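Asks: Single-letter residue listing:
Number of protein chains: 2
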Amino acid sequence: MGGFSREHFERLINPRSIVIVGASNRTGPGSYNLMENLIREGIDKVIYPVNLSADQVLGHQAYKRVRDIPEPADLAIIMVPRTAVPEAVADCVEKGIKTVLVISQGFADADQVGSELQNQLVELTRGTDTRIVGPNTIGIANSFDYFHTSFQRFDLEPKRNALVCQSGMFVLASGHFTTGLGLGIDIGNAAEVDFTDLLPHLAADDRIDVINLHMEGLADGAEFVRLAAQITPNKPIVAYKVGQSEEGARAAASHSGALSSEDHVVSAAFDKGGVLRVRDLDEMTELNKALLTYPKINGKRFAVVTISGGGGITVVDALSQHGLEIATPSEAVMAEIQTRNPPWMPVGNPVDTWMAVLKQGLAGANLDILNLLLQDANVDGAVVLLNAYRSTGYESLRELVDGIVATQQRFPDKPIALWAFGMNRHEVIEEAEKSGVVAGFGSPESAARALAGLYRYHHEIKGRTLAAAPELDDVDTGGAAAILQRAAADEVEVLGTQALEILESYGINTARAVLAADEQELLEIGAALGYPLVMKIASEQIVHKSDVGGVRLNIADPEELVESFREMCGGIQARFKDAVIDGVHLQRQHSEGVETIIGASRHAGFGPIIVFGLGGIFTEILKDVSFAMAPVSRSEAETMISRLRARAVLAGARGGDAVDTDAIVDAIVRVSTLLMDFPQITELDINPFTVQGSTGIALDARAILERP
Amino acid sequence: MGGFSREHFERLINPRSIVIVGASNRTGPGSYNLMENLIREGIDKVIYPVNLSADQVLGHQAYKRVRDIPEPADLAIIMVPRTAVPEAVADCVEKGIKTVLVISQGFADADQVGSELQNQLVELTRGTDTRIVGPNTIGIANSFDYFHTSFQRFDLEPKRNALVCQSGMFVLASGHFTTGLGLGIDIGNAAEVDFTDLLPHLAADDRIDVINLHMEGLADGAEFVRLAAQITPNKPIVAYKVGQSEEGARAAASHSGALSSEDHVVSAAFDKGGVLRVRDLDEMTELNKALLTYPKINGKRFAVVTISGGGGITVVDALSQHGLEIATPSEAVMAEIQTRNPPWMPVGNPVDTWMAVLKQGLAGANLDILNLLLQDANVDGAVVLLNAYRSTGYESLRELVDGIVATQQRFPDKPIALWAFGMNRHEVIEEAEKSGVVAGFGSPESAARALAGLYRYHHEIKGRTLAAAPELDDVDTGGAAAILQRAAADEVEVLGTQALEILESYGINTARAVLAADEQELLEIGAALGYPLVMKIASEQIVHKSDVGGVRLNIADPEELVESFREMCGGIQARFKDAVIDGVHLQRQHSEGVETIIGASRHAGFGPIIVFGLGGIFTEILKDVSFAMAPVSRSEAETMISRLRARAVLAGARGGDAVDTDAIVDAIVRVSTLLMDFPQITELDINPFTVQGSTGIALDARAILERP
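Chains as they are written, first to last, in my numbering: chain F, 1 to 708; chain U, 709 to 1416.
No lab work stands behind these hints: they were computed from the structure. A quick note: this is a predicted structure, and the numbers were derived from the prediction, not measured. Think of the CB as a built atom: it goes at the ideal place given N, C-alpha and C, for glycine as much as any other residue. Careful: at least some of the hints might be erroneous.
[What the hints assert, rightly or not] Rough simulated footprint, nothing fancy, chain F against chain U, three-plus residues with beta-carbon under 8 Å: (1) 934–942; (2) 1013–1021; (3) 1178–1189; (4) 1193–1202; (5) 1349–1358.
[What the hints assert, rightly or not] Every beta carbon over 12 Å from chain F, so not counted as near; a handful from chain U, in silico: (6) K753; (7) N759; (8) A798; (9) I846; (10) E865; (11) R868; (12) V1024; (13) V1065; (14) S1151; (15) G1278.
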């Protein structure tokens, strides 16, 4: 009976009948009476008020208990004091009501008692077909079907978007934050119904083009990412995660654990899911505007059409700051535009239209030039400046705005963004956006940021297919399992040398020393460790090994290995008759090369987060590290490397030789696979993982295991 | 007769009489007729229209030439085609008109011919008492005395601020960008009158509390900084410098030169001048709001008063992102506030007022709690959330806003910033700001950014006295001068070893090798270089010095020096009878330690910009360097060090020992002094400057000299 079905969803957002537990006759300002509001707003639903003391509530027959109502209503809304909520929920379950909206506050949002009450609610619905939304929610705002559970008058401005939030203000102010709203759901404390329950239904709803999320927490990160990765290639998800300032608060036993703050984990999860993360509410507004307004964007080369040279420069700054480009229109087009200017006024991009305005008027000149530019194959879109101050005289400005709308309709694939400045910018923007085809912004930065997000969605996320993590056929899962079982049996929680063994069993070179007693072992171990090798005499009596020829470096192949073995053992035995020689220690040759760190830490709900960085100062001081959520594909591993500020070190920037990043990619993928295979590994550090040429080697490693 | 006097300033911003050269009878839309506008707006000035063909212009008697007008008017406004401008300017000079506003375009803003025309204008006024503002300007907007030269209707919204800009739009849209405007001056191409000419008069004008600058270029950076440093301790300067995206475009012969882009130079100059640099126009608006609204800010611990828990979290994110703190109110105050909540709803900061609102109403609850918080000595200010959506019912909201205004008046030293969200935020903010004592913002980020700027001005800039660069009494200016003279005589442009000599003469340790022929020289040079020393035999015949005892390290003092000298020369001579020994080369012992880079490059108008960074990757790849404008004081040098992301390396982060940054501070100050003393040094690199313990040493250096 688990899951939140389509039926649950429909009953939640558009019920035919509603039970209101705690319906009240109190009316007037300050009563915040939801039922009164439903009636006043003419929302046409069958309402069953439940009230212990009254026979009638606001003219409707009232019921003492939920069980008394004549039918199992589609939706129950509970707004009684917190201590009375469990009984009400129990009644709903008994009555077979499938969706219950708990508006009441004072649960996990309040004190310990509240948290326990919240757990009770979840217990009450376990194994039943009843689902709880909330508690501590303002509920539903559905402008598609005109239904909302707000306790006050509500201005829904329908848009083809949805919002799932954890705070009522985001629904109530959705006209601002999401530029209007099609469907809003406040999941409050998300005791039961969570983001992951709603996403599939929002994805399936054709009335919704953009899904917005306001997140205070995310319980099942891995499931969220799985769903998001399915949805985002077809429908953008815009997420605003709060609590960004609480970084690095995490206590961890390993370097990697300490490095990956909650905020990094969320970013890694959003990356994998193709979720557009916004860092503030303005960005959420801008991105909704862009995604809802512009169907397409072919490239990032923008023309700037401006009546003010000074204004044009500010737009150039903003566009380049956000990774967009200033288009270079064809010479033909520029020559044509030049004819609108006096010969002594050279034309460039930004195109300063002032001289043309003096001849052709504000609308005439700007529209003429804008159309010339958008016809050009070298131009992917335009930013147009609107001088929105009264003095301009609104006629010419409105004429210009109307003309821009018409132009956008001629070139639907080339976004035209308006930057309106001056005291009347808000009216001008509102005016322009009525068309639904152009968007207006209050600053060049917000226009540029919105267009950059639009470009990112269309060129990096839309239609993408996630590369799967490779299946490794050369890993010895059994070997690793055996080591971990021994550790568990011995109640060991931290592995050192054995961590290196585990890595070896997953095909990662390490510098572990292995004893070879005879030539057969010698060759087996040599093959297992891989060349080049270091050989050291193994004998209690030989202390200063190198002084007596007891150390050989750079052994390149089996032949040299055997030969070295014979020379070393023979030679030393000859000189030290009574030395007991146990054999030799073989060790993968420590490479010089670049020091890196590869690690992982496991996060509740998200699973393993893999971390990569360069050694020493780069990781410890500059925090120049990158993260990815496991399982990590080769291309995701490549992205991790490319995100380091100091990635040039790997290209030999430091005077050292360039290293082959494939060795790093390979190791990251293997670490990711290891962590996916063995949940008992909670944290892992390979520090350093040294790379030279095309070989990487783990010189030291540390694994933290879950408490037995 | 140089300079731009108070008289020039007065005549420019508030003339009694005006000549309009190019006054026209053309009227109606699109004519942009300035004179028509002056008359329509009832600006009461004596107007002398100059027009070759008409006897009358708009009812005023017209004159053929400027020389024909009856008096030397206070201000001449020239708006004829560019080729006719020089003659008009010449007439003004001849007539003794002291301020000339050239509105006409097509000068340095256009083509080569235009640039030459602009130079002509400057030539025409040289040695006269006439000053040109412009060309390519919209002129003056003076709301204090109600005078403006805009060619269209103009809405001045008086504020106690000023704006000097290089683009008309900033004046025309000042109601937006600077929240209103007291005095606006567009200097256009700034052919003659520049920022530095106007700053002293804006500083002296008591009607102006905040000076805003929109800069496209800055000609005399050093003079600008000198003036700004005098003004900013008493009056804030807010500067928006455009062209930020054109970074690093600079071709330079040295590392330091290449590192310091125009943008870095401007930032260094603003730092030294105490100028508040804004990075976009929204920030300019926000900062004007904050500086004009709040007289004082005692600290950065803010209370957050919110009807929405979710909204409160976003404010916390924004405040901490901008370096402000979340106040911890006293237990007494929190206990008092707790009585407004049900016991099960714990109170914190942010203070969620919703439960109190249900009892006391929107205004009652929020005002009650806000006042409790501001009484607390642990609270320096507050951010209050306003739910600005129609549904709220404006009555309660207006009541709240009025109450906040009254509260602010009770606590004038504790800024209350309003974050209004929802569709009606613009009206609500406008409403609140009418009071002039509180400011409203459209997002928590803009509120936080504005408060952070306010805090920065009051606690880092206001009232500060700049530490002067120290006078160095131990530098051998003559020695450096001699080397530079030789170089100039030999037409040398790049110095290597001699650069080290110059640094030595300025008291910086170097690793230069010096020949000592006898014991007397030996001791002199030893003393000059400082210990520890390296001694190497100097003899053509001795090739492999170390093999024959021809190298001695770590010579600690004169005794050891002489002894080593005797042993080395004697011993070698004894063994190599026919070797000619010239003496020994002495060299400061190369220290190990941390590699840094100290450099400088000279920038037209700004003078020397000093650069400091850590060696290798930190400078080359991470561009982790900091800049300061010379002359650099010790505290400025300390700031340079503290600004490095990787500064922890100097504290021994890399496992190395911590180094004494005094050695770096000292070297930076000496380099700064050197560059100030010798303008012919255009660029300098000390790379590396190695620091160990308390000693730093220049291992290698390079100086670029101006072409002879």
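Asks: All hints are to be evaluated individually against the structure, with a verdict given for each.
Replies: Comparing the hints with the structure gives:
Restraint check on the stretch 934–942 of chain U versus chain F: 0 residues with Cβ-Cβ distances below 8 Å, three needed, restraint violated. Counting residues of the stretch 1013–1021 of chain U whose C-beta lies closer than 8 Å to any C-beta of chain F gives 6; at least three are required, and the coverage claim holds. With 0 residues having a beta carbon nearer than 8 Å to a beta carbon of chain F, the stretch 1178–1189 of chain U misses the requirement of three or more and the stated coverage is violated. Beta-carbon proximity to chain F at under 8 Å applies to 0 residues in the stretch 1193–1202 of chain U; the threshold of 3 is not reached and the given coverage is violated.
Interface restraint, the stretch 1349–1358 of chain U with chain F: holds (4 residues with C-beta to C-beta distance below 8 Å; minimum three). The beta carbon of K753/U is kept farther than 12 Å from every beta carbon of chain F, the shortest such distance being approximately 20 Å. The claim that N759/U lies off the interface holds: its Cβ sits roughly 19 Å from the closest Cβ of chain F, which is beyond the 12 Å cut-off. Listed as a non-interface residue, A798/U keeps its Cβ farther than 12 Å from every Cβ of chain F; the least gap is roughly 21 Å.
With 12 Å as the threshold on Cβ separation, the claim that I846/U sits away from chain F is violated: the shortest Cβ distance comes to roughly 10 Å. For E865/U, the shortest C-beta to C-beta distance to chain F comes to about 8 Å, within the 12 Å cut-off, and the non-interface label is violated. Every CB of chain F lies more than 12 Å from the CB of R868/U, the least distance being 18 Å, so the non-interface label holds. With a closest Cβ-Cβ approach of about 6 Å to chain F, V1024/U is found to fall inside the 12 Å limit, against its non-interface label.
Not every C-beta of chain F lies more than 12 Å from that of V1065/U, the closest at about 9 Å, which undercuts listing it as non-interface. Not every CB of chain F lies more than 12 Å from the CB of S1151/U, the least distance being 5 Å, so the non-interface label is violated. Listed as outside the interface, G1278/U is consistent with that label: its C-beta sits roughly 36 Å from the nearest C-beta of chain F, beyond the 12 Å cut-off.
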